[in-house]
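**Q** Since chain A is already given, all that's left is putting chain B on it; use the hints.
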Amino acid sequence: MNLLEIKNLHVKLESEDKQILKGVNLVIKPGEVHAIMGPNGSGKSTTSYVLSGREGYEVTAGEALLNGVNLLEMEPEERAAAGLFLAFQYPVEIPGVGNMVFLRTALNAQRKARGEEEISAGDFLKLVREKAKTLKIDADMLKRPVNVGFSGGEKKRNEILQMAILEPQMCILDETDSGLDVDAMKLVSEGVNALRSAGRSFLVITHYQRLLDHIKPDFVHIMAAGRIIKTGGPELALEVENNGYADLLEGVV
Amino acid sequence: MGLIAPKAEALAARLGALTAPKGLDAARARALDRVQAMGLPHRRDEYWRYTDPASLVAPTAIRAEVFDPQDEAAAFDGIDRLTVTFVDGVFAPDLSDDLTLSGVEISRLGAAPDWAETAYGALESLGQSPVARPLAALNTAFATDGLLIRVTGQAARPINLVYAHKSETSDAILHHTIQVDEGCELTLLESGAGAARFNQVLEVELAPRARFHHIRAQGRDHQRRNVTHVFARLGAEALFKSFTLTANGLLTRNEAVITFAGDNARAHIAGAAMGDGAFHHDDTVFITHGAVACESRQVFKKVLKHGAVGVFQGKILVKNGAQKTDGYQISQSLLLDEDSQFLCKPELEIYADDVKCSHGSTSGAIDDTALYYLRSRGVPKRRAQSLLILAFLAEAIQEIADEAIAADIGARLEAWLDRHED
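These protein sequence lines map, in sequence, to chains A and B.
Last residue of the first sequence: 253 in my numbering, with the numbers rising by one and none dropped.
Last residue of the second sequence: 1422 in my numbering, with the numbers rising by one and none dropped.
Chain A with its partners taken away, still in its complex shape (with noise of 0.2 Å):
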């Protein structure tokens, strides 16, 4: 069965009449890493939003089915519940709400919502500890309310240490590597691939080939202007990488 099926999706901006999807399918397989990359502008953070239940689009025509349930009916919390998870490229800061408090309620909102036990406390600090080592998050970070005071590549470790708490099984990653310095994006591609598993899928949002050097795709696909126009393997990347998008633009309106 397909994890994520993303059939014909066609979305416009609500505020003005501005079409940003023309029609993208892809299809994601449990266990499979793919990737998204394309020029400015080509639709791909739009696609996230959409799929993750950002107010602000609407969905013309197509459909997305998560585990084949369509998404798009879904609240928000409706869907992180059913296992999707976003990675923010722009993590959001949140002013009083400490970070614990963020990720305990989060994961036990999630667990109530499958039916599950709430975490105790004590488990949930031994698993907050546990994840927050290896992504090298200090308790200073987990006390601070969430992402207050973070520098770039903190937020983007924070993302990702949401990712490893609520094992979502399709995750979305939007531009992770942006502002990450050579250390950080090492250090969260680590968090990633850590993930990894049979069961659980990537969608892995890029401008570069850099990333996909650490976190290894199984498919690359190019986005333009509001549709997926090329799919290959990771060589596509790399071809990306030498030529621009020109080549592959050729052709499209």
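Hints were generated in silico from the structure; no laboratory data involved.
There's no promise every hint is true.
[Said to hold, decoys possible] To list a few chain A residues with every Cβ distance to chain B over 10 Å, as calculated: (1) M1; (2) E55; (3) E58; (4) N70; (5) P95; (6) E116; (7) K186.
[Said to hold, decoys possible] Cβ-Cβ distance ranges computed for the label pairs, FRET-style: (8) B:E1046 x A:L125: 51 to 57 Å; (9) A:S151 x B:S1129: 48 to 54 Å; (10) B:S1361 x A:V92: 21 to 27 Å; (11) A:E58 x B:D1422: 22 to 28 Å; (12) A:G41 x B:K1345: 44 to 50 Å; (13) A:G122 x B:G1078: 19 to 25 Å.
Being a predicted model, the structure only gives us computed values, none of them experimental.
Just so it is clear, CB atoms sit at the ideal spot from N, CA and C, and this is done for glycine as well.
**A** The following block gives chain B in isolation, referenced to the frame of chain A:
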């Protein structure tokens, strides 16, 4: 100068419904003189521009349904404290602890000790300038009950004044005067709706290095009308901290008048107010820096929905010579829908040249991006909203020094949010 005719008539009508109890006669007579000179407040008065005092000055109280919050324990229930209960403004000995507490002398207005003869009404009287506060003077003249508290050591436990509201037409006037001697400390807790109409004055005189903590939970009655005044004067290195939680209430006007009389003193005053529907809440603060190197901090937050109205009038006056003053003021509202309203008037008046004063005021909705972020992690919408509202209120709650008391207040806020999700 005499009062204009409508003011004189309104005053005569109000005074006609009142009789001054025996005791503290001289102080009460002086207060009555003040009321007669000032008249009662009117909507046209600048200081009452955003809050209509008509129902507060009317000869009788408007009927207010009694509210019994059976779904929640009384405020400060788990705190080890000395409880003094007033039912509709009248001391209820059977619902109160014995008025003995190590480090503290407690008496009632009717049995005033010598020190109180001059202290009663003294800070209220000083607080009448530069802005008139006639309802406070009226209170001094006619208060039917209240406590005179002298703190002569480290109070063994907090004192909790509980104001029960049992009669639908009660009109209560309570006045407490507190003196904290040099280096001594008291925590005062206040809770409950008080009466259908409740006029309360609290005077706090802090000797050098005295410390006073005040935490108030203005109860959940929807129809009550409250006007309260806190007058505080701080000696050198004294500490005054006051926090008020207001949940519901048709009309609440909380005035705080704080004066620094000695150097290096600190006063923090904070409030969290939550209103849903018929709710009008007014925080009016006046802080006078009349000494060197004092720190004042005002933190007021309001959560408003379904047409609720919030008002903040806050002034910092820095007198000539009050160098090294550190004044901070923030007033913010979270408007949960488009029907609610927040009116704000921050004022700074500074006559010293080496001071640090800052103020800010904001009014806004819940941050959509933060809400989406929380929901994308699986937090249901309502819970996410509550988290963000509590985060908004956090700066005010942090002003409560005692952790157990802060937790009690936090739980009340959370419970209120749970009850008012829609």
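**Q** Taking the hints in turn, state whether each one holds.
**A** How the hints compare with the structure:
no.: 1; hint: M1; in the structure: holds (23 Å)
no.: 2; hint: E55; in the structure: violated (7 Å)
no.: 3; hint: E58; in the structure: holds (16 Å)
no.: 4; hint: N70; in the structure: holds (18 Å)
no.: 5; hint: P95; in the structure: violated (6 Å)
no.: 6; hint: E116; in the structure: holds (12 Å)
no.: 7; hint: K186; in the structure: holds (25 Å)
no.: 8; hint: B:E1046 x A:L125: 51 to 57 Å; in the structure: holds (55 Å)
no.: 9; hint: A:S151 x B:S1129: 48 to 54 Å; in the structure: holds (53 Å)
no.: 10; hint: B:S1361 x A:V92: 21 to 27 Å; in the structure: holds (24 Å)
no.: 11; hint: A:E58 x B:D1422: 22 to 28 Å; in the structure: holds (26 Å)
no.: 12; hint: A:G41 x B:K1345: 44 to 50 Å; in the structure: holds (46 Å)
no.: 13; hint: A:G122 x B:G1078: 19 to 25 Å; in the structure: holds (24 Å)
When each numbered hint is compared with the structure, violations occur for hints 2 and 5.
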